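Starting from the given sequences, assemble the full structure and let the hints guide the process.
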Amino acid sequence: MNPLDPSRTGVVVFDMLEAYRAAIEDAGAVEPAQRLIAACRGVGVPVFYARADHRADGADLARTATDTDPRFRPWGPDNPVPMKPAHASGTPGLAVLREIAPQPGDYDVPKHRWSAFFGTHLELSLRSRDIDTILLLGGSVHVGIASTAFTARDMDFQVTVVSDCCHGFPEQRQFFMTKVFPRMCHVSTVDDVVGALAGA
Numbered sequence: 001m002n003p004l005d006p007s008r009t010g011v012v013v014f015d016m017l018e019a020y021r022a023a024i025e026d027a028g029a030v031e032p033a034q035r036l037i038a039a040c041r042g043v044g045v046p047v048f049y050a051r052a053d054h055r056a057d058g059a060d061l062a063r064t065a066t067d068t069d070p071r072f073r074p075w076g077p078d079n080p081v082p083m084k085p086a087h088a089s090g091t092p093g094l095a096v097l098r099e100i101a102p103q104p105g106d107y108d109v110p111k112h113r114w115s116a117f118f119g120t121h122l123e124l125s126l127r128s129r130d131i132d133t134i135l136l137l138g139g140s141v142h143v144g145i146a147s148t149a150f151t152a153r154d155m156d157f158q159v160t161v162v163s164d165c166c167h168g169f170p171e172q173r174q175f176f177m178t179k180v181f182p183r184m185c186h187v188s189t190v191d192d193v194v195g196a197l198a199g200a
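Numbering (the UniProt record's numbering), first residue to last: 1 to 200.
Read the hints as simulated data drawn from the structure, not as lab findings. Treat the hints loosely; a few may be bogus.
[To be verified] With a straight-line Cα cutoff of 20 Å, these simulated SDA-like cross-link-like pairs (lysine to any residue) come out:
1) LYS84 with GLY58
2) LYS179 with THR151
3) LYS84 with PRO74
4) LYS84 with ASP69
5) LYS84 with LEU61
6) LYS84 with HIS112
7) LYS84 with THR68
8) LYS84 with ASP53
9) LYS84 with ASP67
10) LYS84 with ALA56
These numbers come from a predicted model, not from an experiment.
If you want it as structure tokens, here you go:
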């Protein structure tokens, strides 16, 4: 990939949270994410932690009706729609993984919907630093990463999804990485991105 200008680049770490540790570890994404974030810090690329944040009473949960739950099981008497979040704001499940914990100077971006841009300060914080290129990692790929990538594309940001730093269901992850994202942005590995940062 082409060299990346660190002064115009930001890394958005999406829902790399303790609640999703098992999925993140199953995808092998912890170590690559550590390497990517360390490389970004080393050249002054700011880190933006977009993280789920919901009231314990469920008053801010999305009300959009769907056919199934996140595992594609139909809603019904034996599988009712939850009215409260599984993990509420401030609880351990919504903490960023300790291996990539935020540091002073990083950006905290609490979000209440799938896109890291919707109802947050992310766009303002990126543009106030003249950032036009986003390195995007985390998951789930077919939900939050896709929603954020589509929004960023429509806002004319350059987006690179860092494939080995992402998590989510394998089938959907593979489909988006090979059949969707290449049409709208770049898909690269952490090694390629680290090299592009160094090449600048």
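Quick rundown of the hints versus the structure:
no., hint, in the structure
1, LYS84 with GLY58, "holds, 4 Å"
2, LYS179 with THR151, "holds, 18 Å"
3, LYS84 with PRO74, "holds, 18 Å"
4, LYS84 with ASP69, "holds, 14 Å"
5, LYS84 with LEU61, "holds, 8 Å"
6, LYS84 with HIS112, "holds, 13 Å"
7, LYS84 with THR68, "holds, 17 Å"
8, LYS84 with ASP53, "holds, 12 Å"
9, LYS84 with ASP67, "holds, 18 Å"
10, LYS84 with ALA56, "holds, 6 Å"
Hint compliance for this structure: no hint is broken.
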